[in-house]
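Sequence lines, in order, name chains F and V.
Take the first sequence: its letter number 75 is residue 176 in this note's numbering, and every next letter is one higher.
Take the second sequence: its letter number 30 is residue 35 in this note's numbering, and every next letter is one higher.
No lab work stands behind these hints: they were computed from the structure.
C-beta: ideal position from N, C-alpha, C; glycine also.
Be a bit skeptical, because a hint or two may be false.
To be verified - What follows is a set of in silico ranges between Cβ atoms, one per label pair, in the way DEER data are often shown: (1) M58/V / G300/F: 41 to 51 Å; (2) I196/V / L188/F: 24 to 34 Å; (3) L260/V / R335/F: 27 to 37 Å; (4) I196/V / H226/F: 40 to 50 Å; (5) N34/V / R322/F: 26 to 36 Å; (6) A232/V / E305/F: 52 to 62 Å; (7) L284/V / V247/F: 43 to 53 Å; (8) F43/V / M291/F: 47 to 57 Å.
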Amino acid sequence: MEQPTSHPAPAVIEMTGVAVGSLRDLQDLVLEDVNWTVRKGDFWAVGGMHGSGKSDLLFMTAGLTPPQAGCYRLFDFEMPIFEGELLKERLRIGLVFEDGHLLHNLTVRENIALPFRYHKHADWHELEKRVNALLELTELMHRADVTAINLGRNLQKRAGLARALALQPEVLLLDNPLGGVDLRELNWWMNILQQLSTGKGIMEGRPVTLVVTAEDLRPWRERASRFAFLQNKRFFEVGGARELEHHTEALVRELLAEGTTKN
Amino acid sequence: MEEHVSGTPAPASRFSFLLQAPLPRSYTNFIGRKFFLFFLTIQGIGAFALITMGVMVRKLRTARSVTMPLAFQELARSGVRLVPMFVFVSLVLGLVVIGETVSWASKVGATRFLGPVMVLVVVRELGPLVTALLVLSRSGTANVIELGTARALGEVEALEALGIDPVHYLVVPRVIGMAVGIFALAVYFIIGSLVSGYLWAFLQNVPLRPGDYFNQLAQSLTWLDFATLALKSAFFGVAIAVITCYHGLAQPLRLDEISRATVRAVAQSVVACVLIDALFIILYLAV
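Make a model of the complete structure from these sequences and hints.
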């Protein structure tokens, strides 16, 4: 699953010396000096304990907050991009929030259709087709007309995924998708992310570059191709699955639930 | 103080030390904080209003299929659904104004002034102001709660992640809906009050035929009254929508902070409406 070193795929996310501020208070830096390159087709798993800045890193990467220092380029365009002509470049990246963050007064169907209706001038038939395909992918067809607030937490996360996929992003960021899910749901997420990563099904042969954050890296050992972890306001790149298994850092062993003893 | 100690204070200067003594530091701090907060609030609301107007103009043609239904939804909430309440209140207001006026005017044989009084009191002043305050109580408070909840639940971030401007999606439809809604309700409210005013005069056996009454009204109304009514009610709508949306959206809220934000928004909206009303009175008198 690792990338060949001789002809690397083009970079989609490039960060150099980036400082990340908290979403609630941008002056409060949660990460500093982040140097990170995500290449097309990568599947990253970024581990870290609660409060280590995983969510804020994804929010900044998705363009919700500006980098507080350093340079961040997305598809070779300097971030942040909030609106204007370049907004379409930013929309090539999608974000799935940990709790879905659906608009609570809209139905699941309306939530999924919203980005498509806002950004595309497509006819009703095309919209219906796209939304139904996403509802089927996330197995939410039977709950399509339920208001988001009346949906269970697991299904809200699925609806959040469907909404993020509405604009067919090339890069998808998922904030702790396995947080608080049961084993059946875990398997569902693993299968769906595998589909997206390989471009099967709804992606019509177009693999999606994935970045997930996690407090437990065990489920991602066999799935992700690249690993990193956050500690003491720093971003540490681990490498591939092999490097992960042999990494001696105590936090990495903790994230793999193997105790804290250093070798 | 020395006089007080000596025991022979002059009567006039007995409490003069109270005026000369410095205020306790905590009081000055309190007043200073209040002033700073006041100016910061003015600055924040002003900036938010300018941002909203900017977005409204720049994104006039953006995603209209999404924002127009939201504006109609707001119009229904701040207008159509409030019609029954407004019919009732307008009937009461007409009865109160005419009832009071009739009892005084009939004593001096001045019932010919019923029409001008109704125009002065209802059309120029109470109609738009009462409408704005009632809409504030019904829809303005709902705005703060809805937007504060949306903010606390991370929905604003969700919109930003989808490339949707939260001001365009959440604020602009509310501003349009509320401005149009308050104007429309003010018109219905005024019509209801004028009609119920005549009914009261009729019940009081005031010798005034409908034709004469409405003729009095027509003669008292000028183009300036119509222009003032339209402008004033639209300004009220914009002010209430901007202030309530500002308090719901402009800063990250926790769920437990929403009630305080709602109280602040209502108080500031009332002050804003009264100030706008006062400004219009000054302009009206100046013209």
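Quick rundown of the hints versus the structure:
Against the hinted window of 41 to 51 Å, the Cβ-Cβ separation of M58/V and G300/F comes to about 45 Å, which satisfies the hint. Between I196/V and L188/F, the C-beta spacing of about 46 Å breaks the proposed range 24 to 34 Å. As the Cβ distance of L260/V to R335/F is approximately 33 Å, the hint placing it in 27 to 37 Å holds. Checked against the given bound of 40 to 50 Å, the beta carbons of I196/V and H226/F, roughly 45 Å apart, stay inside it.
Taking the beta carbon of each, N34/V and R322/F are about 58 Å apart, not inside 26 to 36 Å as hinted. Roughly 58 Å separates the CB atoms of A232/V and E305/F, a value that falls within the hinted 52 to 62 Å. Distance hint for L284/V and V247/F: a CB-CB separation of about 48 Å, consistent with the stated range 43 to 53 Å. Between F43/V and M291/F the C-beta distance comes to about 55 Å, which sits within the given range of 47 to 57 Å.
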